[in-house]
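K.L.:
Residues per chain are reported as follows:
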Amino acid sequence: EAEVAQSPRYKITEKSQAVAFWCDPISGHATLYWYRQILGQGPELLVQFQDESVVDDSQLPKDRFSAERLKGVDSTLKIQPAELGDSAMYLCASRGQTTGRVELFFGEGSRLTVL
Amino acid sequence: DQQVKQNSPSLSVQEGRISILNCDYTNSMFDYFLWYKKYPAEGPTFLISISSIKDKNEDGRFTVFLNKSAKHLSLHIVPSQPGDSAVYFCAASGLGGTSYGKLTFGQGTILTVHP
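Respectively, the protein sequence lines represent chains A and B.
Under the numbering used here, the first residue of the first sequence is numbered 6, with each subsequent residue one higher.
Under the numbering used here, the first residue of the second sequence is numbered -11, with each subsequent residue one higher.
If you are wondering where the hints come from, they were derived from the structure by calculation, not from laboratory data.
It cannot be assumed that every hint is accurate.
As the list claims (entries may be wrong) - Cross-link-like lysine to aspartate or glutamate pairs, in silico, DMTMM-like; alpha carbons within 25 Å at most:
no., chain 1, residue 1, chain 2, residue 2
1, B, Lys90, A, Glu49
2, B, Lys25, A, Glu49
3, B, Lys90, A, Glu19
4, B, Lys25, A, Glu108
5, B, Lys44, B, Asp19
6, B, Lys(-7), B, Glu30
7, B, Lys90, A, Asp62
8, B, Lys90, A, Glu8
9, A, Lys76, A, Asp56
10, B, Lys90, A, Asp29
Isolated chain A (complex conformation) (with noise of 0.2 Å):
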């Protein structure tokens, strides 16, 4: 069964450092989101594209957080410098082009701790 894969499984970083995730999404699906689920709260948009453009970053944190999708199949998500209330699951999914439907698949998750 076709699956997101996503890289680090887990990252421990201090403040201030870099931290980097990866995302592979379902081969074929165009649309891939970037979402951040702290705990005990749903999953939030960070970042939406549609193969290698940005659809909708309004609620990306623009002055530390940064993703791309060079060529509209993975994507990695940036921050830097990271700051202590950046830890949570960093969640990738994915969407095929069936009209009418909008179930996204996700991947396992990144889950940052920031120390």
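Got chain A sorted already, so can you dock chain B onto it with the hints?
P.N.:
Frame of chain A, contents of chain B only:
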């Protein structure tokens, strides 16, 4: 402003009985609703969805009910099994324009099914 709300942080049910998880939303532009299940340290897994043109959708032990006038949906699990113990997220999306496929999640409900 929380547009999707799951007011019950947790629910405890005996194996074999019915589990009912509830979700309310405020945005009348939402046209598509989904339930996701999440185990610790894993990404959310799609469970079942419903379009706003329907009031019920059933898939095996899982049934989702939608009451558009009340802006309320519920997930019924019958019979409940210990393996159903997880966090359940309600999510909503519009089907038009830039809102298509952009999921807004509730805070989640922790379901515990006791043997």
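K.L.:
Each hint needs a verdict: does it hold in this structure or not?
P.N.:
These are the hints, each one checked on the structure:
Under the criterion of a C-alpha separation no larger than 25 Å, the hint pairing Lys90 of chain B with Glu49 of chain A is consistent with the structure, at around 10 Å. Only pairs whose Cα atoms come within 25 Å are accepted, and Lys25 of chain B paired with Glu49 of chain A is accepted, the gap being roughly 16 Å. Of the supplied pair hints, the one linking Lys90 of chain B and Glu19 of chain A is violated, its CA atoms being roughly 32 Å apart against a limit of 25 Å. Simply put, Lys25 of chain B and Glu108 of chain A have alpha-carbon atoms about 13 Å apart, close enough for the 25 Å limit, and the pair holds.
Taking the CA atoms of Lys44 of chain B and Asp19 of chain B, the gap is near 14 Å; set against the 25 Å cutoff, the hint holds. Our distance criterion of 25 Å between C-alpha atoms is met by Lys(-7) of chain B and Glu30 of chain B, whose separation comes to about 22 Å. For a cut-off of 25 Å, the pair hint linking Lys90 of chain B to Asp62 of chain A stands: about 12 Å separates their Cα positions. Note on Lys90 of chain B and Glu8 of chain A: the hinted pairing holds, with a Cα-Cα distance of about 20 Å set against a maximum of 25 Å.
With a C-alpha separation of about 8 Å, the suggested pairing of Lys76 of chain A with Asp56 of chain A holds against the 25 Å cut-off. Distance restraint check for Lys90 of chain B and Asp29 of chain A: the Cα-Cα separation of roughly 19 Å lies within the 25 Å cut-off, and the hinted pair is therefore satisfied.
Figure legend: structure checked against the earlier numbered hints; the only hint not met is number 3.
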